[in-house]
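S.K.: Spelled out from the first residue to the last, the chains are:
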Amino acid sequence: MAALQLLMLSIVLYAVGAVLSLTWSKARPLGSYVAAASTLMAALAGLGAAATVLAGGQAVAGEFPSVVPFARFSVELDALSALVLAVLSLLAAATAIYSLAFDRQFAGAGAGVLGFLNNVFILSLVLVVASANAFYFLVFWEIMTLASFFLVAYRQDREAIHAGILYFAVGHVAAAALIVSFVILFLHAGSFDFAAIRDAQLPPAVRHVVFALTLLGFGVKAGVVPFHFWLPPAYAAAPATMSALMSSKVAVYAFVRVGLDVLRVHDDRWGLFVLALGGLSALLGALYAVNENNLNRLLAYSSTENVGIMLMGIGAGMIGAATGNGVLAGLGILAGVFHLVNHAVFKGLLFLGTGAVTCRLGTASMQAMGGLIKRMPWTAAAFLTGAMAISAIPPLNGFVSEWFVYQSLFAAGASDSPLVKGVAPLAAAILALAGALAAMAFVKAFGITFTGPARGERARQASEVPGAMVAGMVVLAAGCAVLGLGAPAVGPYLARAASTVVEAAPITIRAGLAVVPGAAAGPVISTPLVALLLGVLAALAVLVAVLPGGSRSGRRVDESPWACGYAYSHRMAYTSAAFAQPLRVLFRSPYSFQVAARSLLARLEVLGTGTMRFLQRVEPVWERWLYRPVASGTLWLGRRVQSLQMGNVRVYGLYLIVALIVLLLSAAR
Amino acid sequence: MNGGSGIWLGLLQALFILLVAPLFTGLARILRARMHSRRGPGILQDYRDIWKLMRRQEVVPSEASWVFRVAPYVILGTTLLIAMIVPVLTVRSPLAMVGDLILVVYLFTIVRFVLAAAGLDSGSGFAGVGASREMALGVLVEPVIILVLFIVALLSGSTELGTITAKVVNGDLAYHSPSFWLAALAFAIATFIEMGKLPFDLPEAEQEIQEGPLTEYSGPSLALLKWGLGVKQLVVVALFLAVFFPFGTAVTPAPGPVVLAMVAWLAKVTAIYLIVAVLENSMARFHLYRVPIVTGLVFGLSLLSLVYYALNS
Chain D
93 MAALQLLMLS IVLYAVGAVL SLTWSKARPL GSYVAAASTL MAALAGLGAA
143 ATVLAGGQAV AGEFPSVVPF ARFSVELDAL SALVLAVLSL LAAATAIYSL
193 AFDRQFAGAG AGVLGFLNNV FILSLVLVVA SANAFYFLVF WEIMTLASFF
243 LVAYRQDREA IHAGILYFAV GHVAAAALIV SFVILFLHAG SFDFAAIRDA
293 QLPPAVRHVV FALTLLGFGV KAGVVPFHFW LPPAYAAAPA TMSALMSSKV
343 AVYAFVRVGL DVLRVHDDRW GLFVLALGGL SALLGALYAV NENNLNRLLA
393 YSSTENVGIM LMGIGAGMIG AATGNGVLAG LGILAGVFHL VNHAVFKGLL
443 FLGTGAVTCR LGTASMQAMG GLIKRMPWTA AAFLTGAMAI SAIPPLNGFV
493 SEWFVYQSLF AAGASDSPLV KGVAPLAAAI LALAGALAAM AFVKAFGITF
543 TGPARGERAR QASEVPGAMV AGMVVLAAGC AVLGLGAPAV GPYLARAAST
593 VVEAAPITIR AGLAVVPGAA AGPVISTPLV ALLLGVLAAL AVLVAVLPGG
643 SRSGRRVDES PWACGYAYSH RMAYTSAAFA QPLRVLFRSP YSFQVAARSL
693 LARLEVLGTG TMRFLQRVEP VWERWLYRPV ASGTLWLGRR VQSLQMGNVR
743 VYGLYLIVAL IVLLLSAAR
Chain S
38 MNGGSGIWLG LLQALFILLV APLFTGLARI LRARMHSRRG PGILQDYRDI
88 WKLMRRQEVV PSEASWVFRV APYVILGTTL LIAMIVPVLT VRSPLAMVGD
138 LILVVYLFTI VRFVLAAAGL DSGSGFAGVG ASREMALGVL VEPVIILVLF
188 IVALLSGSTE LGTITAKVVN GDLAYHSPSF WLAALAFAIA TFIEMGKLPF
238 DLPEAEQEIQ EGPLTEYSGP SLALLKWGLG VKQLVVVALF LAVFFPFGTA
288 VTPAPGPVVL AMVAWLAKVT AIYLIVAVLE NSMARFHLYR VPIVTGLVFG
338 LSLLSLVYYA LNS
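Top to bottom, those sequences are chains D and S. Take the position in the first sequence, starting the count at 1, then add 92; the result is the number in my numbering. Take the position in the second sequence, starting the count at 1, then add 37; the result is the number in my numbering.
These are calculated hints, taken from the structure and not from any lab test. Backbone N, C-alpha and C fix where the C-beta goes; we use that ideal spot for every residue, glycine too. A few of these clues could be false.
[What the hints assert, rightly or not] Cβ pair distances, simulated, as ranges:
#1 Leu348(S) to Val160(D): 55 to 65 Å
#2 Ala304(D) to Gly337(S): 56 to 66 Å
#3 Gly641(D) to Pro78(S): 21 to 31 Å
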């Protein structure tokens, strides 16, 4: 079947799944199974469509009947959108399987609505990815925002509603920026079609303004610093399946599509800006992630970090496109897009794993977890895979895309401009710093949640989640392994996707069992060989340990760890807050701490009770120094403007006359 | 270097480093003892320690899971893989077809990740402190290592280790270039930190940064871990030597030059251990929160090197 038919089939099936879960939710469990099966089939059809396009190497375009006269409902699947469609479909399939068991906890509390919203959300994402017309792009973008707003606010408690409203407001700041930029483009190109805009002769100033607006719009939606503040509350409130789907970071794809492919801004200053923005997001996102004690919020901050890494690659690619360096352009975009794909897979996996833990423990706070590896072995193994992938542990997928980011920075560092030569290695150092911080955050996330002693009663009594949820996680864990070990096989498709944006021939990515950065003679990494050698050498280590015969005397399981001769208590084990303590001291300024126990009152209390209550919280720096002034400034401005409106008819008449005079004067000139 | 002989040479390198690692940790112990005016153990003491531990029964805390049990094997396996990739005996990297210096840096991350995860898994408070400090130290050191290696790679035109080594041996990259010697200086200090020596780590106090996660280990697992960390020390030194002081390595992988290269490498490593011993024993331990003073200095050095690179060549 041709790609377009498959895409249509997939869209229809998502719609069917949405309607079915809404109408049949009473007839549980059969209704929910049919709805999930429909979603799963839709996802498979989407995968089929993407695979057809990727294997065929040809973009396919089509047109659906439009409902408005001024815009054509055109869709296009080229290598880039097919790739994003593929990863979206994979996430949809994994969450559909997962939700079979996961949604049971919402039985009687609107599980049908959840299924409906999830399907609408995926459907709108698919159409955003496939749209080749700015108007319809915006329509689906808006549907996506609405669906995700209801999903964020789904729990309907105070926290969720607050997060939902924040998300709604932020989504509309983004939408406003996009609407303005698309209207400007329409005025100049005379059409909403991406193809027409691409061919239009835009004045440079317009190009820059529109690019800035799209960067703002998509950046807000992707959660780059300083717009990262909405992610933690939204992810903490949303159901796990929704958080997993939101990890697809379609906003970054949309930025590449509109900002780079449609607008064709070839300016190395913008490239440097995007690179710097990416570096800042990567660094601060990782820094905030390390310090979180709530799993969902930790993952949210890490999303900011990973979007930063994607932007670093894309920024390097933009520098390459601007300076006519085809290899750099291809490498950078490839690195960014590859990281987008990988992030969707491992972050989706981590959110599903967190969802599994929270549905057993009733909380996402790591302070109440511990020891789950023995009670939830499958969830633990899947989460560990995701944690290692996101920490860029070779040979998993996160490492491969970060390697490509490094290689694109290397290529940028070898360019002629002294500025770029100086900035690129610095960006590499920032990436290394962010990577080390992310590794620390995820050692902590895995270690505190799944290993060590149980820190709470519910953690002690937890049991493994049902098979369907495990299966959903295993699908994505396998995705991490396949994208990592199979990098030489996947790489050429990514190179083709990158080449659609930079209008150059795809760069060389594969050399036998290894991937190369654009040229066959040069540095390589071969993830299959790394995996093989690590396996062989670890086996050698086992052999070394077994040969002298120590293992024959067996293994004695001691009752408890050593505690200086005192009786061991699980409260002696390291906590998540303690684990990150060195960083809170080392990076004091970005956190900006307040130790509440320093107040006089607290000291008096210590004297009275003999116990010291110690409270430390991370002060939201951005909120205090950026958003609060902006908000209060807006209110102040509002009040000033309000004084114009004094309720006196004669004054209003004066306003009219003044306005008339001004208009007449300006017309007379 | 074609694949087949590369693998064998790599295995030879790994085996060589594996076998001499306890020798050098023993040497460090003797040197420290002599500087403290003690006699110290024999130079072969670490071999005896490992052998003895290997034959002992293992005691595992009840909280620990399989993460705790597989960690020693993964750590030793990973450090051996690094030993196979870094050019030690020949100018070319034996496993150039497997990975470049970025892979090597991220292989060190595996060691760190697994060690910290195992420390948390044991449930011991001391292991937790060690795990946290190990990761924090990584945060301070890794950016410097990547920055320095990146600059040297840019100077030599490739991130492939063998290419860099060959350029330095040929004299295409030399110490009269300010960005090269500044990078060398910065990397030398970073190497020193990564070796886990005073003033950053106190090898005699078992609850310190590196030994912390080892608190609950015993028997063969402890032996493997001690050995693995010894190998790690040596490969950190090997990486420094390969990038900044590869003189004496064999140009062709023939038996004669390779044996000579082994001798030369042992001499260089002994010299480094002597210098390290002097530095280590003339300093008191740093508070962990003082480490940024040093890493900040190192980062400054590497920034200087970067400035020279960006403006000069």
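S.K.: If a hint holds in the structure, say so; if it doesn't, say that too.
M.R.: Verification of the supplied hints:
1. Leu348(S) to Val160(D): 55 to 65 Å: holds, 56 Å
2. Ala304(D) to Gly337(S): 56 to 66 Å: 35 Å Cβ-Cβ, so the 56 to 66 Å window is violated.
3. Gly641(D) to Pro78(S): 21 to 31 Å: holds, 24 Å
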